[in-house]
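Here the protein sequences come in this chain order: V, L, R and B. Counting in the numbering used here, the first sequence runs from 15 upward without gaps. Counting in the numbering used here, the second sequence runs from 15 upward without gaps. Counting in the numbering used here, the third sequence runs from 15 upward without gaps. Counting in the numbering used here, the fourth sequence runs from 15 upward without gaps.
Do not take every clue at face value.
Heads up, the list lumps identical chains together, so a pair's fine if it works in one copy or across two of them.
What the hints assert, rightly or not - Pairs of lysine to any residue residues, derived as SDA-like cross-links and limited to a Cα-Cα distance of at most 20 Å, are as follows:
id, residue 1, residue 2
1, Lys311, Arg142
2, Lys23, Glu88
3, Lys307, Arg291
4, Lys311, Leu144
5, Lys307, Arg181
Source of the hints: derived by calculation from the structure; they are not laboratory data. Model, not experiment: these values are computed from the prediction.
There are 4 protein chains.
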Amino acid sequence: MEHRFSPSKYHTTLGPHEPVLYVSDGDTIVTTTVDAHGFDEHRKQVAPRGNPQTGPFYVNGAAPGDTLAVEINEIEPNRRYGFCGSSVAPNVVDPGYVRELPQAARAEWDVDVSANTATLVGPPSDLRELVLPLQPMLGCFGVAPTRGQAISTATSAEHGGNMDYRRFVAGTTAFFPVFEPGALFFLGDGHAVQGDGEIVGSGIEISMSVRVTLRILKGKTIIWPRAENNDWIMTFGNARPLDQATQHATTEMLRWLQSDYGLDSLGANLLLSQCVRYELGNIFDPAYTMVCKLNRKWLTE
Amino acid sequence: MEHRFSPSKYHTTLGPHEPVLYVSDGDTIVTTTVDAHGFDEHRKQVAPRGNPQTGPFYVNGAAPGDTLAVEINEIEPNRRYGFCGSSVAPNVVDPGYVRELPQAARAEWDVDVSANTATLVGPPSDLRELVLPLQPMLGCFGVAPTRGQAISTATSAEHGGNMDYRRFVAGTTAFFPVFEPGALFFLGDGHAVQGDGEIVGSGIEISMSVRVTLRILKGKTIIWPRAENNDWIMTFGNARPLDQATQHATTEMLRWLQSDYGLDSLGANLLLSQCVRYELGNIFDPAYTMVCKLNRKWLTE
Amino acid sequence: MEHRFSPSKYHTTLGPHEPVLYVSDGDTIVTTTVDAHGFDEHRKQVAPRGNPQTGPFYVNGAAPGDTLAVEINEIEPNRRYGFCGSSVAPNVVDPGYVRELPQAARAEWDVDVSANTATLVGPPSDLRELVLPLQPMLGCFGVAPTRGQAISTATSAEHGGNMDYRRFVAGTTAFFPVFEPGALFFLGDGHAVQGDGEIVGSGIEISMSVRVTLRILKGKTIIWPRAENNDWIMTFGNARPLDQATQHATTEMLRWLQSDYGLDSLGANLLLSQCVRYELGNIFDPAYTMVCKLNRKWLTE
Amino acid sequence: MEHRFSPSKYHTTLGPHEPVLYVSDGDTIVTTTVDAHGFDEHRKQVAPRGNPQTGPFYVNGAAPGDTLAVEINEIEPNRRYGFCGSSVAPNVVDPGYVRELPQAARAEWDVDVSANTATLVGPPSDLRELVLPLQPMLGCFGVAPTRGQAISTATSAEHGGNMDYRRFVAGTTAFFPVFEPGALFFLGDGHAVQGDGEIVGSGIEISMSVRVTLRILKGKTIIWPRAENNDWIMTFGNARPLDQATQHATTEMLRWLQSDYGLDSLGANLLLSQCVRYELGNIFDPAYTMVCKLNRKWLTE
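Generate the whole structure from the sequences, applying the supplied hints.
So, in structure tokens, the structure goes:
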């Protein structure tokens, strides 16, 4: 079943909030998200800053210990105006170089969905025209966290959240551990384009039209978020420093290979040894995100 | 001019050692490297363990403050036997998962240059046949460090060293800051294949035939290693934690964009913001290596 | 005014929960806390595991932007049975040493308030009798966090929480930024004794009788928790890695010296330079705690 | 036997350099050290900047696998002029606060050994008179490192080096692993006073008269530096981040308790659990130093 949902309120924490809609296993939701500062498709502010989320959606039958699969069917900017930071964040450069960074200013982009481009509009610099292909993605999405917590949409943890990983695009399915009845799924913080690491503290921030399909994997328990697309399986570690994020992601991948791909511990270790790939989700948010990846061509399901 | 050099001694530090050959700016060297444990193409141990290096090569005219460009023209395993670790290193998984790792054992590979494959031979696990395409690379190379130091080939720093980055393959040119007269170039620790992060503490370790061309960039001063290939420019940060390695690499990239690509500070920051890519060299050695990359298509030289 | 409050429910998050008592600026509360596993003075479990908190207490008049001062007047174990871990946590030793740690077991202590001692009862080891002087302290206390969050009592942040610092003893006044109306003060997780770093993941965990006095510093805004006793002023950074915790604490101390002790930036930096002291709160919890200290003898108020 | 040695050359690496003196097990050396910038008791520059070292001293009979014990008998500034940084280092504050730091300038101190005081002379700030009691210490000392390396005196590792720990004062005995025949002992970088962490990048830097006694512990093998004084035993971890330094120091302490103090693994873990103390050596140098301490009163030898 497909639900069309127009949000009227937004949350800046992922937590056990009142569901906005009850859906069933396998249902699809077509909805919209506002930008990181709470502005909608008309550039009207309808929510406070800080990655306000659409949702939560209650998935009937989802229970703690299950896994929620979120397939991103479609994601598309629903306006032309995008913005991002213009200075690499102080924590991403050498401490002694911080004073050399330009003053923070808002960079503005013209996002043209029909042309599939984002064009840098300003501020003026000696950078020539910069036109990037769109890769619309979800920066922040996930479920209500463990222990009844309500956790800021600025950060991320086992429940997902603000992972800011540029491959959360259409065609990707993300998996989240379920901690609350109904899972309580949230989404928001769309980026028209994002570099690795979100090093200026933002992608090209924009409001979005999104279509997702939610499925429950009953009795399937995971510890950290996972994802897959046609070519890759991926695990996510959200923590500081990056070393720890890498530990979480790698450990989760070793678990996955053993539980689902018929490998013993030695086999899983051997397979990862020379085939593993990593990508940097973000190195800006309170928790950094490291992604551990394995190409499906090495897997036998 | 092309020099053919057969090494008879090896070094396990990069330092101000006696040159084995004096070459000129633009000369090419054809030589061999032994594997990480000091075994040559006949599987005879001719050097101690620990990434023993061929060299150093003295480049006439190279002086502190210059940059040494090292083009990797060719690199090819010169025997069939390769080996690697079989267990992810304890520092790459969650501390609480260390006890779940398999006992360390040597994994063995049959490296077939004509077929361009490495085939896992053992130890036995339930991993099916694993046949990987070769990507022969240099794990450890660089120049004598600053301040007259002699630094172990286990680690890396501004002078290069054991960066264990899987894209140091043929067709890549690496750049190192020159700290000693003649630069004193070393190379070794070849890998037939390596995963991101070198998470088992080794690639497929093997002896190599290597052909490199050395050029001096007079008066060009860099702080951290850099590299380029047809598609990418890259900067390297070598440090722990990964956060700091990322800071070094990102800062060096900002410097490069401003010094060589006609950008002011704001332009360099804006360009990186949504176009930057990162790759994980290694997360095993005493210094981890993070690589900051930018695709040439965004650059105007 | 002094309030005697007997808790009947407990929270495992610090968040905007229903107040259990409304008090006024300057009031004193005499209450009890259960141990980290939710057991009370009769060793009866009355709350779930995970540092269940007494409270929250609503301080009339406290508003976001104010600071809440919490003077710990008295804190005393209210039973004899204490316990702690018996193995240093895996994240506190070298990754390669994790397999050498003893299997985790519960260590038990006899806590004798009249003798002011904690005596190790077991498990049996070749450690001779170990009798430690009591230093009863609060492991986890603080206020409701920013942005309406409800944050687990396992961790800590700007709002305080599970800092596990062994000098939060009677005679210490802690300061917390106020984020919610009424501040919403919580306390729990008492330790009869604790080593630096809480390296086995626990102090000597025990239920407590506690007496605290709450005061509002109207219009006084701080960013990180602070504290003072007769001899020292202290600031707290809660984060991973310890480097970042140290950055937060040091920055907060520089701010404090400038706002309250009549120093300009240079003066504050010069004073800290050779007089600063650091102590390690915890290196176990999801956020580590580093304490930056300055002896009052160097201060002129 | 007591040797009086007047240095005429200095080293800015610890490595396998030509010994300046051969001494026997148990001998005492009375010598001098220049300040961190290479200036002697007459404020004449006699060595390059960067913690130039007196030595190396060859201890007859010391062999790899032994331990060198260095008792600091006396250490006293031999001039009045001391200096330090005046701004907390950028890596010690929040990245976003770096721009708030004062511009780096040299702070000058009048060091009066007879009065046992260091008095801040300048630069002018609104800090009132600051007069500190002297605690003369060695910032950088140790032995030639493993593997024939020559490592900069800016940093530290298993061989000691620039640990910048303020309790390396007279009355302390430091222990270093021996990696080269004769151990090759170096010393320098004296501080009249130093705060925890060396957060401005320097203590009160000054030239020193030093008296040390060197002893060989034959067949005693340690991994990281250790130390002891009348009250404490201490182990040192030198690495980044502080987390890793803490891991090294804690692991070394667990080893020491088991090898020398008659404890099994469980006993060593239980003893540390509530009795351990940590101190921050430095959080400025390329390797940070964390010190793990245990009071002797808990030990049975």
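From the Cα coordinates, with 20 Å as the cut-off, is the pair lysine 311 and leucine 144 best called within, between, both, or neither?
-> between (35 Å within a copy, 11 Å between copies)
For lysine 307 vs arginine 291, is the C-alpha pair at or below 20 Å within one copy, between two copies, both, or neither?
-> both (5 Å within a copy, 16 Å between copies)
Given a CA cutoff of 20 Å, do lysine 311 and arginine 142 count as a within-copy pair, a between-copy pair, both, or neither?
-> between (40 Å within a copy, 12 Å between copies)
Have a look at lysine 307 and arginine 181 and pick one of within, between, both or neither, based on CA distance no larger than 20 Å.
-> Intra 12 Å, inter 17 Å, cutoff 20 Å: intra and inter.
Within, between, both or neither, where lysine 23 and glutamate 88 count as close if Cα-Cα is 20 Å or less = Answer is neither; intra-copy 22 Å and inter-copy 46 Å both fail.
Taken one by one, the earlier hints fail for this structure only at number 2.
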